[in-house]
Structure formats: structure tokens, C-alpha cells
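Novice: From first to last, the protein sequence lines are chains A and B. If you read the first sequence in our numbering, its first letter stands for residue 748, the second for the next number, and so on. If you read the second sequence in our numbering, its first letter stands for residue 748, the second for the next number, and so on.
Quick caveat, the hints were computed from the structure, so don't treat them as lab data. The C-beta atom is built at its ideal place from N, Cα and C for all residues, glycine as well.
A short, non-exhaustive set of chain B residues, derived as facing chain A with CB atoms under 10 Å:
#, residue
1, Arg812
2, Arg855
3, Leu869
4, Glu875
5, Glu877
6, Val886
There are 2 protein chains.
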Amino acid sequence: MTDIPDLLGLEDQVCFALAIASRSVISLYRPILEPYGLTHPQYLVMLALWGREPRRVKDLAEELRLEPATLSPLLKRLEASGLVARHRNEQDERALDVSLTDTGRRLRDEARTIPPRIIDKLGMSLDELERLRHSLWRVIEASHTA
Amino acid sequence: MTDIPDLLGLEDQVCFALAIASRSVISLYRPILEPYGLTHPQYLVMLALWGREPRRVKDLAEELRLEPATLSPLLKRLEASGLVARHRNEQDERALDVSLTDTGRRLRDEARTIPPRIIDKLGMSLDELERLRHSLWRVIEASHTA
DNA sequence: CGGTATTAGTTTGTACACTAATTATTATGA
DNA sequence: TCATAATAATTAGTGTACAAACTAATACCG
Chain A
748 MTDIPDLLGL EDQVCFALAI ASRSVISLYR PILEPYGLTH PQYLVMLALW
798 GREPRRVKDL AEELRLEPAT LSPLLKRLEA SGLVARHRNE QDERALDVSL
848 TDTGRRLRDE ARTIPPRIID KLGMSLDELE RLRHSLWRVI EASHTA
Chain B
748 MTDIPDLLGL EDQVCFALAI ASRSVISLYR PILEPYGLTH PQYLVMLALW
798 GREPRRVKDL AEELRLEPAT LSPLLKRLEA SGLVARHRNE QDERALDVSL
848 TDTGRRLRDE ARTIPPRIID KLGMSLDELE RLRHSLWRVI EASHTA
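All chains, full assembly: derive it from the sequences and hints.
Specialist: Written as C-alpha cells, this is what we have:
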């Protein structure tokens, strides 16, 4: 295996760049989301529910690419914040219907300012961000066929 | 604010794509790192130390873009695994010198197979991955001037 | 020189991400 | 019909990432 190029520099690793980029961008959201009492993962859950509700836990977990084990306490905290309600489904008592409260629905209007503020903070063109986003979904898909 | 474009679709968010891409790629490492008894963050620490040792905690934290609060228990566990040693610096007793053990140094040889295996799993060209990596560092830098 | 500010690393607390196990409900097939 | 397999969501356990607080050592400046 002497012909394996030495690719062990930390900054050579795409996984390292992905991890740092993810964390760095998410850290920009923190001060913006804090006044709404939301963490970034909670914000993503809200985005999913603003898009469509009511939803099953399993359905949300799939859309958010999370394990239900992660989502369960996350939803619990959102419910405790009064943004989300969870009710046992009547047709299938194993399932929960997760929906927004009125408060949760109204929050969408305020949340509309968030993406432009982040884009502003980054100072990158929409083109560039769009290209990045596409290549990210490219690698996500590649990782699922691996 | 009626002229703010509605950018609240979950999949429109670069941050979501970043989070999922990061997690997805990192999940590919898990079965590969498991036989070495390493988690992905621990692997990154090892990469940093293989690059240069001994190191201060603060120095490692900066290179890994981690908080010392995160790195401290992480190093503790690596020390417990026998891969890393931590000694109080003699010139400045506040500081630790973090170095590899012989076992830790030897692990580098086995680790050389890891990046090619991941690249193989992803089935993406080196060109494409390199372009991605560059744009990721681009956004990392942008987030730090924000 | 010595009191105070700063620094290095750790601990505590909270949230999250994954794996494994658990409980209750529903689907399946003999 | 009924025992068993599968499913939905939760809980428990481990590791990690960040923020705040803490302890001990060093730097600084009057």
C-alpha cells in the first residue's frame, strides 16, 4: 500500500471542512434565534412544520434526517415552550400527530427575516450559496448510496 | 417587509444542507473507525497530533475549532485509551503538553487507509471533493468575518 | 514587591446525535 | 382466530458541542 497518497493532513479532510463549516454557520444563527427561545435544531423542526403539519414523528425524523430518539426529547421541549402540540393519532395509537400551536404558527412571520440576516452576515452571493447548497446535496446523496 | 422573498423551505437552507452533509459523511466513518476504538472527533484530534506534537490544549482547540471545554474530556478519554499522554508543562504549570503515545503514533500507519476508503464509499471524483472542500473553507472564512 | 487582571484547563449544566433497549400497538400469516 | 413479527415512540446510555463558572498559575503595573 505504498502507493496510497498521504492524505492525513487535518485540513485535507472534507469531513473536517464539513464539520467546521456546519458548526460555524450554525453558530451565526445562535444570537438570532436566542430571542425566540429556539436552538438551531429546534428552528429546523419549526421550518419542517411550517412547511407542512400535522406530522408524524417518524415523518419529521425522515425529513430532518434525524433519529426518532433525537427528535423525541426535542419535540418534548418544543411542546414545553408552547410552540408545538403532540396528540395521539386516533387511527393508530402508536403514532403521534405533531402540530403547531397558534404561537408556533405566528412565529413563522418573524422567522422570515432570519435567512436574509444570515446571508447578510456571511456576505456571500446568493449564487455562491446556491452552488454550495447543490454540492452539499450531491454529497448527501452520495453518502446514502455508499 | 413584503419584499423579503420567502426562503423558509427547509431544503432551501444552506445550514440544513451543511448539517446533514456533515452528519452523513461522518456516519460513513463510524464503522471504519470503530475497530480502532475511535469516534470521529477523536480521529480528528489524532490527525492534528499526527501532524504535530506535543501540543497545548489551547493550540489543539484552535486548530480543531473546538472549545477547550469540549476538548478536555475528549483528550481525557483518548488518554484513557492509551493513545495520548498529557503532562504538565514545566515552564508554565497552567499548560499541558499533549503528546502521542507509541501506540498512538503507530496508529497513523493503519489510519492511512481511511481517507481512500471513504472516498471510495462516496464514489465522488477527487476533483469534485476538492472543489467542495474549497468552497467549505470559503464559507468557514466568511462566517468568521461576519 | 504585591495586588489584581489575565490565562490555561477543568468542571458543571444544557442540548443534541447516535445506538440499544423498552413498551405498547398494529399487521401478518398459519 | 391468535401467536408472533413488525412498527411507533420513548427511555437509557455514551459522547460531544457550547456557555458559564471555577481553580490554579502567570503576567502586569503601580
